[in-house]
Amino acid sequence: MATTAKIEVRDKNPVAALQTFLAQVLEDEYVAGVLAPRHLNDNGALMPTLVTDPAMLDRVDPLAPAFPFNAAKTLVKLTNGEMVNKVAAVLKPCEIRAFVELVKLNQGNMDNALLIGVDCLGSFGNTEYLNYVKDADPIASSQEFARAALAGEESPGGTPIAKACMACEHPSAVQADLSIGLVGLDIDDHLVVSAHTARGEGLLSRLGLPDVAEAPSRAKAMAELVKKRTAFRDKMFEETNEATASVEKLARYLSGCVNCYNCRVACPVCYCKECVFVTDVFDHKPWQYLDWAGNKGMLKMPTDTVFYHLTRLAHMSTACVGCGQCSNACPNDIPVMELFRTVAARTQAAFGYEAGKSTDDAPPLSVFQEKEFSEVTGGVD
Amino acid sequence: MEEFEPTIVAFVCNWCTYTAADLAGTARMTQFPNVRLIRMMCTGMVDPKYVIKALLAGADAVLISGCHPGDCHYINGNYKARRRVKLLQEILTGFGIDTRRVKLTWVGASEGNEFAETVNHLVNEIRELGPIETRELMVV
Ligand code: SF4
Ligand code: SF4
Ligand code: FES
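Line by line, the protein sequences give chains W and B. Reminder that position 161 of the first sequence reads as 161 in the working numbering, one-by-one numbering, no gaps. Reminder that position 22 of the second sequence reads as 22 in the working numbering, one-by-one numbering, no gaps.
It should be emphasised that the hints constitute simulated quantities derived from the structure, not laboratory data. On a predicted model such as this, the values are computed, not experimentally measured, just so you know. Here a beta-carbon is modelled for each residue, glycine too, at the ideal position from N, C-alpha and C. One or more hints might be untrue.
As the list claims (entries may be wrong) - Taking lysine-lysine and the DSS-like style, the derived pairs with C-alpha atoms no more than 30 Å apart in a straight line are:
id : chain 1 : residue 1 : chain 2 : residue 2
1  : W       : K300      : B       : K80
2  : B       : K80       : W       : K227
3  : B       : K80       : W       : K273
4  : W       : K285      : W       : K296
5  : W       : K296      : W       : K227
6  : W       : K134      : B       : K53
7  : W       : K227      : W       : K371
8  : W       : K273      : W       : K357
9  : B       : K53       : W       : K249
10 : W       : K371      : B       : K53
11 : W       : K86       : W       : K296
12 : B       : K53       : W       : K220
Said to hold, decoys possible - A short, non-exhaustive set of chain B residues, derived as facing chain W with CB atoms under 8 Å:
id : residue
13 : W15
14 : E125
15 : E128
16 : G130
17 : L137
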């Protein structure tokens, strides 16, 4: 059973309470730095920032409904290699789940990180977020957003959160060492922090925060949130399946794609160091294009578009955590998250695998059994 | 309209199915001529994108055939191939590509007969299934 402690909130300022909590974490010296979302200036722009001096926590804002990119990739840079000291990382649940996948792909190192997850109430797309903050104080806007989202508002400030977030059935980070709870609580009164691992327990007990019992309101509100999001997700799967039910429909779905590959650059679990689609494997010769055009009387340029997306699905769909950064990055508003998640649900189910759930489950394409999937070989093992 | 004749691209392992195909030929076994053989060193090196490319380019089916379980010359390439075929079937079926269009079989070096049967069976199956959508459609 997880130990849960209370983070007192003063002056109706939960972000300040989280900053104080992170200052305590730094002062404890188990970690040498904290990676956390921090506003770069007063216009709201926010990036994961590695903070070592508690005085620099002033603009750190774990409640910001912003998600510039999936910081699991940043944490890879901060943990992959020999380290004397650990870093703590304040992440969204989908960032933690992506990091879990990257650890299994030997790109990130769990031993060097202390993961602090925060309940996620959803985020805006990058441009929507800056519009939401406009000229207001960014931290005050985040708190306002959190209050509205916790009260069940669908579009706080008139802007809907990203579709990936509406379809996300993992709003809390149970894979983290520590998780900070907001859902089901009055965040102007207190927040909770729970430890899920031995080192999380250790840190929490050293910080000496008051213990608190899990409020029944929290479990209930969490169940309701998950239910709402799951329903949205399932409807999205249905609609996407329908919209891509044939190759012709799939090509139509992707017809705005300009092969910029932003979706895979933004994808935390697209794990290849160099994508084959940018290598000379795809530097075709002029005569090849003419040949291909000759086959059907024409050839769409650039080529290798549906081919790219299908190949990407073969690479990452079993690891897709549904973070939606692919859609956030697409300059042509192609609903790629919907497509990738829909296929991912199929492939992960086929292998009885859930991306990001645990470092104990091996990625499906990294293992095999002597007898399995005999339907693939016509019933012969 | 001309009667539909499927085009099948087959990725076959050098150590077993390729030899079996050779045997089927030299022993003059009867088999349909619809298959284009591509010789690989192991089924474990059939990259999913080879299969995807073939199907997008209008191949009506892809056959991957290699050594029986336990016989792979690289120990477990065929087991890995089986997971990849499972993965491909799951991805492609959602886009209307029937799982029968991606087939994996085990055919040992001495099984010329088996190879001819596999080909004939697959050709008949795909004749029944009809042409793949990408035969007419330009998708890249
Ligand atoms: S495919 Fe899209 S939703 Fe899935 S992990 Fe990658 S960026 Fe996130
Ligand atoms: S980001 Fe959008 S346009 Fe760019 S490759 Fe991906 S789907 Fe295509
Ligand atoms: S060597 Fe034949 S399948 Fe691996």
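Each hint, compared with the structure:
For the hint pairing W:K300 with B:K80, the CA-to-CA distance comes to about 34 Å; that exceeds 30 Å, so the pair is violated. At roughly 37 Å between alpha-carbon atoms, B:K80 and W:K227 are farther apart than 30 Å, so this suggested pair is violated. For the suggested pair B:K80 and W:K273, the alpha carbons sit about 22 Å apart, so the restraint of at most 30 Å is met. For the suggested pair W:K285 and W:K296, the alpha carbons sit about 18 Å apart, so the restraint of at most 30 Å is met.
Proposed proximity of W:K296 and W:K227 is contradicted: the alpha carbons are some 48 Å apart, above 30 Å. With a CA separation close to 47 Å, the supplied pair W:K134 and B:K53 exceeds the 30 Å bound. Distance check on the hinted pair: W:K227 and W:K371 sit about 37 Å apart at the alpha-carbon level, beyond 30 Å; violated. Distance check on the hinted pair: W:K273 and W:K357 sit about 24 Å apart at the alpha-carbon level, within 30 Å; holds.
For a cut-off of 30 Å, the pair hint linking B:K53 to W:K249 stands: about 18 Å separates their Cα positions. Proposed proximity of W:K371 and B:K53 is supported: the alpha carbons are some 29 Å apart, at most 30 Å. Taken as a hint, the W:K86 and W:K296 pair is broken in the structure, with Cα atoms around 58 Å apart against an allowance of 30 Å. Among the hinted pairs, B:K53 with W:K220 is inconsistent with the structure: their alpha-carbon atoms are about 49 Å apart, more than 30 Å.
Interface restraint check: B:W15 against chain W, minimum CB-CB distance 18 Å, threshold 8 Å, status violated. A cut of 8 Å between beta carbons decides the hint on B:E125: the least distance to chain W is about 10 Å, and the hint is violated. Evaluation of the B:E128 hint against chain W yields a violated restraint, the C-beta minimum of about 16 Å exceeding 8 Å. Annotation: B:G130 was flagged as interfacial toward chain W, and the flag is violated, the nearest CB pair being 13 Å apart, outside 8 Å.
The criterion of a C-beta within 8 Å of any C-beta in chain W is met by B:L137, whose closest approach is roughly 6 Å, and the hint holds.
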